[in-house]
Amino acid sequence: MSVLKDARHLFRFAGLFVLAFITFLAIRHYVVPPSFGQYGHYRGNAISDIAARPIKFAGHQACETCHTDVLDAKSKGKHAHVNCEACHGPLARHAEDPASVTPVKPDTAVLCARCHTATAAKPKGFPQVDPADHSNGVACETCHQPHSPAISGSNAPSAGGAK
Amino acid sequence: MNLSRRHFLVLMPAAAIAWKAVLAGTPEQAENYKLSEHWWGMLIDVPKCIGCGNCVRACAAENDVPEGYFRTWVERYHVSDENMTNPEVISPDGGKEGFPVVKEDEKKYFFVPKMCNHCADSPCTQVCPVGATFVAPDGVVLIDQTYCLGCAYCVQACPYGCRYIHPEKKVADKCTLCYHRITKGLTTACCESCPTGARQLVDLKNPKDPIHEFLKTHSVQVLKPQMATGAKAFYYELDGSVR
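Residue numbers (our numbering), protein chains in the order written: chain X, 1 to 163; chain S, 1 to 243.
No lab work stands behind these hints, which were simulated from the structure alone.
Hints should not be assumed to be uniformly reliable.
Dumping the calculated SDA-like pairs for lysine to any residue here, alpha-carbon to alpha-carbon at most 20 Å [unchecked claim]:
| # | chain 1 | residue 1 | chain 2 | residue 2 |
| --- | --- | --- | --- | --- |
| 1 | X | K78 | S | D45 |
| 2 | X | K78 | S | P195 |
| 3 | S | K103 | S | D81 |
| 4 | X | K78 | X | P149 |
| 5 | S | K103 | X | A132 |
| 6 | S | K48 | X | A121 |
| 7 | S | K96 | X | H116 |
| 8 | X | K124 | S | K107 |
| 9 | S | K107 | S | V79 |
| 10 | S | K96 | X | A109 |
| 11 | X | K78 | S | P47 |
| 12 | S | K96 | X | A113 |
| 13 | S | K184 | X | P149 |
| 14 | X | K5 | S | K48 |
| 15 | S | K184 | X | T65 |
| 16 | S | K96 | X | P149 |
| 17 | S | K34 | X | N45 |
| 18 | S | K34 | X | G37 |
| 19 | S | K103 | X | H116 |
| 20 | X | K56 | S | G185 |
| 21 | S | K108 | X | G125 |
| 22 | X | K124 | S | P100 |
| 23 | S | K48 | X | A7 |
| 24 | X | K124 | S | V79 |
Stretches of chain X that chain S covers, calculated by requiring three or more beta carbons in the stretch to come under 8 Å of a beta carbon on chain S [said to hold, decoys possible]:
| # | stretch |
| --- | --- |
| 25 | 39-46 |
| 26 | 104-118 |
Positions of the beta carbon are idealized from the N, C-alpha and C atoms, including for glycine.
Take these sequences, add in the hints, and give me the full structure.
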């Protein structure tokens, strides 16, 4: 008992340490987000925060639920695997509210040229033309329907026309 | 209950630790999306890329990427027979508006889309001093922008140059593999808008994903394999001159 009595000042000191430790834990509790360390050395909820950001591209599945006619036209042509928003741009807002958000029709002069302007850097098998030489300034959609671009029937060019 | 002050002081830290474990609780996730069931990557089919810049524009639109910064970009290589290690590489405005027209010459030309490789052993996450960037359990390298200090260690650490400091937010920013899309079952904005299918989102944990058959039967490379980053952007028919 006398040993304990003599060591009392040490216990007081140890008590201070314990208090400091509790204070540390309390502060830590308030400054470290609850999900920190859930999966690793980071805030676990950051994952769901990032996943909750809004989308801008609706995805072709959304387009195809309404525009089945275009899907049919497209499925037979060369552009079957080109997704809607590759040309029409991000339209998630249109998909959510088709009545008030209406897409602007893309300008084929810019749009078609982006992919189909001939340059030596493109893969050889990819269909490419020199826009000036190919149509003499006539708009692409005069002959080619963008959803199914192969020229057929009445749209076929006369002999000696575009290749 | 007869609890002495001493016992109370001993019990307090233990109680605090237990309380923390309770607070950590269960994760909040998108419905039906299980982190443990995915391991995301990207397949890039180099010969299919036509350098149209659709992916760059789509990425900028989807993710509000500031002007002059890129989460994905396209490079055009011009390589001569003799000097393969010194290719001439251009990427005007990240290839956003395409590339200048060129005539055929004796050197070879090709396009290479670049983006975050979502490395499994990513150098960028290892250097973060505050735990703001990490490899998520589904293999996507993400940034917690509320935690990031903007010290840019990660920008220097990325061997592929895929990170930047956001000019307004002043924090690190990068490709999230359209995490907000893939967790909803959609593909990334770049894959959605690629007209030739040169990019393909892949899930290595999905046994039905055609990527497994593709990787087995094709010669596929990652960028800078010597750095052992565990890169998950797989390039098909990648030329040796690409760095």
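Within a Cα-Cα threshold of 20 Å, do K56 (chain X) and G185 (chain S) meet the stated pairing?
Given pair K56 (chain X), G185 (chain S) holds - Cα atoms ~14 Å apart, limit 20 Å.
Need the status of pair K96 (chain S), A113 (chain X): alpha-carbon distance at most 20 Å?
Satisfied, since the Cα-Cα distance of roughly 14 Å is no more than 20 Å.
Given pair status - V79 (chain S), K107 (chain S), alpha carbons within 20 Å:
Holds: K107 (chain S) and V79 (chain S) sit about 5 Å apart, inside 20 Å.
What's the verdict on K5 (chain X) and K48 (chain S), does the C-alpha distance respect the 20 Å limit or exceed it?
85 Å, violated
Does V79 (chain S) sit within 20 Å of K124 (chain X), going by the straight-line distance between their CA atoms?
Given pair K124 (chain X), V79 (chain S) holds - Cα atoms ~16 Å apart, limit 20 Å.
Do the alpha carbons of K108 (chain S) and G125 (chain X) lie within 20 Å of each other, as the hint requires?
15 Å, holds
Between K48 (chain S) and A121 (chain X), is the straight-line Cα distance small enough, at 20 Å or below?
12 Å, holds
If you draw a straight line from the CA of K78 (chain X) to the CA of P195 (chain S), is it 20 Å or shorter?
Satisfied, since the Cα-Cα distance of roughly 11 Å is no more than 20 Å.
Holds or violated: K48 (chain S) and A7 (chain X), Cα atoms, limit 20 Å.
80 Å, violated
Take a quick look at whether K184 (chain S) and P149 (chain X) sit within 20 Å of each other, Cα to Cα.
33 Å, violated
When you check the alpha-carbon spacing of K34 (chain S) and G37 (chain X), does it fall within 20 Å?
18 Å, holds
Do at least three Cβ atoms from the stretch 39-46 of chain X come closer than 8 Å to Cβ atoms of chain S?
holds (count 8)
In summary, the numbered hints that this structure violates are 13, 14, 16 and 23.
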